[in-house]
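Asks: Read off the chains here:
2 protein chains.
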Amino acid sequence: MKTTIDDIARLAQVGRGTVSRVLNNHPAVSDETRARVLAVIEQLNYSPNFSARHMRTESSNLVGFVTDEVTTTPYAVDMIRGAQEALWQQGKMMLVVSAGYDSETTRSSMEMLLQRRVEGLVYAAMFHRMVELPAQLMRVPVVLANCFAGDYSLPSVVPDEIAGGYNATRALLERGHRRIAFINLGDPWDGRLPPLAAAQGRLEGYRQALAESGMAFDPSLVRYTDQSPKDNSNITRAMLQLSDPPTAFFCGNDRTAMGCYSGLAAMGLRIPHDVAVVGFDNLTVMAETMYPALTTVQLPHYAMGKWAADYLMTLQDQPHPPIQYKIDCPLVLRESI
Amino acid sequence: MKTTIDDIARLAQVGRGTVSRVLNNHPAVSDETRARVLAVIEQLNYSPNFSARHMRTESSNLVGFVTDEVTTTPYAVDMIRGAQEALWQQGKMMLVVSAGYDSETTRSSMEMLLQRRVEGLVYAAMFHRMVELPAQLMRVPVVLANCFAGDYSLPSVVPDEIAGGYNATRALLERGHRRIAFINLGDPWDGRLPPLAAAQGRLEGYRQALAESGMAFDPSLVRYTDQSPKDNSNITRAMLQLSDPPTAFFCGNDRTAMGCYSGLAAMGLRIPHDVAVVGFDNLTVMAETMYPALTTVQLPHYAMGKWAADYLMTLQDQPHPPIQYKIDCPLVLRESI
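Chains X and D, in that order, are what the protein sequence lines are. The first sequence maps to residues 1 to 337 in the numbering used here. The second sequence maps to residues 338 to 674 in the numbering used here.
Hint data in this document are derived by calculation from the structure and do not stem from the laboratory. Just so you know, even glycine gets a beta-carbon here, dropped at the ideal spot from N, CA and C. Be a bit skeptical, because a hint or two may be false.
As the list claims (entries may be wrong) - EDC-like, lysine to aspartate or glutamate: derived pairs with alpha carbons at most 20 Å apart:
#, chain 1, residue 1, chain 2, residue 2
1, D, 567, X, 335
2, D, 567, X, 151
3, D, 663, D, 448
4, X, 326, X, 204
5, X, 326, X, 151
6, X, 230, X, 204
7, X, 230, D, 625
8, X, 230, D, 672
Stated by the list, open to error - Computed Cβ-Cβ distance ranges for the label pairs, DEER-style:
#, chain 1, residue 1, chain 2, residue 2, range
9, D, 464, X, 316, 51 to 57 Å
10, D, 347, X, 134, 53 to 59 Å
11, X, 220, D, 376, 50 to 56 Å
12, D, 561, X, 333, 43 to 49 Å
13, X, 132, D, 606, 47 to 53 Å
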């Protein structure tokens, strides 16, 4: 004999609607009642037929999450977590696909997600960049995280790179530094892709903070690294040979800051006593382990994932004009400034 | 008029079965045919009703992936990628839930996955440990990744920690080192949890490699770190004060190796000229950035995720006795030895 919702309601001494709310993870059920209903469900080994319910309600309660890559920026996984926790609040679950940079895989991934009748899609890029997405995506609402469409035709959430550059520079100015070097991120693709949104925005923030303090922008204090440890270290040492050398380094990411530390150590300089250093990204596993621990700027991966999922849910009720939402990149103060 | 599979077959000039195989992502379709069918599907804006299909076939083609945490060990996300790519090959998709360490959230996450009629579950832990899982899990096949059940009642895949410890020590012995310090991972929970599987296995591997070379085990060369940067650095310096100091350090993880680098730099010692260093984990973002680049041991996250998903699929055809499969942790040679 197949167990029904009525059997559960009777044994748990609740109404049919309460069982349904528990099954749908609806918040308006007391913890005690929920526990009682779940105990009966487990006792009866009951598993509701979700497929049947989807047929009736036309709602799959599934959302697709597609990423280009998840391995190069380890904390980008926080985007997955942010989106998942936001959807969880609304009783939705997330189908995750990492499609890589290959457009054919991206296309077939999305096709599979649409076949599952996902209610919408979050497309997340692992570094802040422009993306072009297959047209088939447009059958359901889409929100972009850490990326944007070239024509801004889709809603997106990105880091406020300008604010991040400003926050880093401002923290150094407040500690009395007047000669602040900026080792910015060079283009590792050697011109084959557009300039990095991160590099452009952070430079703008650096300039804004200097201007606000009435200081002239000195181009000799800005250098671009090819992002190799050797280049990061060499640039640091070269800039300290300037006739009016910097007393602080703002580094384009935490890896650059590690190379900067090496360069300073090789010259016998102490951090922060002789020279201050600020990074960018807040790869905590690295920043907390550096010695001294690195003051850096947070890339808001968790917040971007959460915003994208929350916004996606609002798009189901009514369409909105596409917006680009920027999330602040706050300073994470440790011991290097 | 609703589009049907017959409409697509006619326009794409293929049989009904071919359309079905393309929709199911079956490999036995040529790229050219697949592209033609997909083009028609897009043109007609067709989306097959998967819910209806599930009702008929009793197969959801969904697998659940539950993690305790994804944030502390950044490369653990490679487990998600490994599992997803393996399932993708079989036309399955993955519902990902990070449930944290809270047993109630884990329980309700799994309940939701079972309601979706997942065909099986992978439970992945972010560090190698024993887990206790809710009984409700056992309604579908389960495979554990990077963890194991206390009574070994579930199949699991874990890193071969002994092989990892052996590989690290062996590499140093082969380069002529005879005094090899081992900074092992201390128990950050201060006895509230069982000893770390990683620490036990790696010590065993260290001892095996020494014994194989006919060398006595010297307890004064093994120390346990509380995993803080300060302790890592201090232990390094203290061991170099021994009357017969080590010429090489095997560090329990890459973060420990960073602290070891700091300790060596503070004493004016060069790596690898004066002292060799090997880490464990292969957090590439960190190991490649350290100066010199860190030789370390790979934690096989991608391979564990892939194995767990592949093995889960075999469990659907027929039940197997639970096994524990161990995956090698190979040396990743860079510049620090």
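Asks: Give a verdict on every hint.
Replies: Okay, the hints, checked on the actual structure:
1. Among the hinted pairs, residue 567 of chain D with residue 335 of chain X is consistent with the structure: their alpha-carbon atoms are about 13 Å apart, no more than 20 Å.
2. Between residue 567 of chain D and residue 151 of chain X, the direct Cα distance comes to roughly 50 Å. Violation of the 20 Å bound is thereby established for this hinted pair.
3. At most 20 Å may separate the alpha-carbon atoms for a hinted pair to count; residue 663 of chain D and residue 448 of chain D exceed this at roughly 29 Å.
4. For the hint linking residue 326 of chain X to residue 204 of chain X, the alpha-carbon distance of about 15 Å falls within 20 Å, and the restraint holds.
5. Between residue 326 of chain X and residue 151 of chain X, the direct Cα distance comes to roughly 17 Å. Compliance with the 20 Å bound is thereby established for this hinted pair.
6. Annotation: proposed proximity of residue 230 of chain X to residue 204 of chain X is violated, straight-line Cα distance about 26 Å (limit 20 Å).
7. Annotation: proposed proximity of residue 230 of chain X to residue 625 of chain D holds, straight-line Cα distance about 11 Å (limit 20 Å).
8. Proximity of residue 230 of chain X to residue 672 of chain D is assessed by CA-CA distance (about 13 Å); at most 20 Å being required, the pair is judged to hold.
9. Distance hint check for residue 464 of chain D and residue 316 of chain X: the Cβ-Cβ separation is about 38 Å, which falls outside the suggested range of 51 to 57 Å.
10. In this structure the supplied range 53 to 59 Å is violated for residue 347 of chain D paired with residue 134 of chain X, their Cβ-Cβ distance being about 24 Å.
11. One distance hint, 50 to 56 Å for the beta-carbon pair residue 220 of chain X and residue 376 of chain D, holds here, with the actual separation near 55 Å.
12. Remark: the range hint 43 to 49 Å for residue 561 of chain D to residue 333 of chain X is contradicted by a beta-carbon distance near 30 Å.
13. Between residue 132 of chain X and residue 606 of chain D the CB atoms are about 51 Å apart, so this pair conforms to the stated range of 47 to 53 Å.
Violated hints, listed in ascending order, are 2, 3, 6, 9, 10, 12; each of the other numbered hints is respected by the structure.
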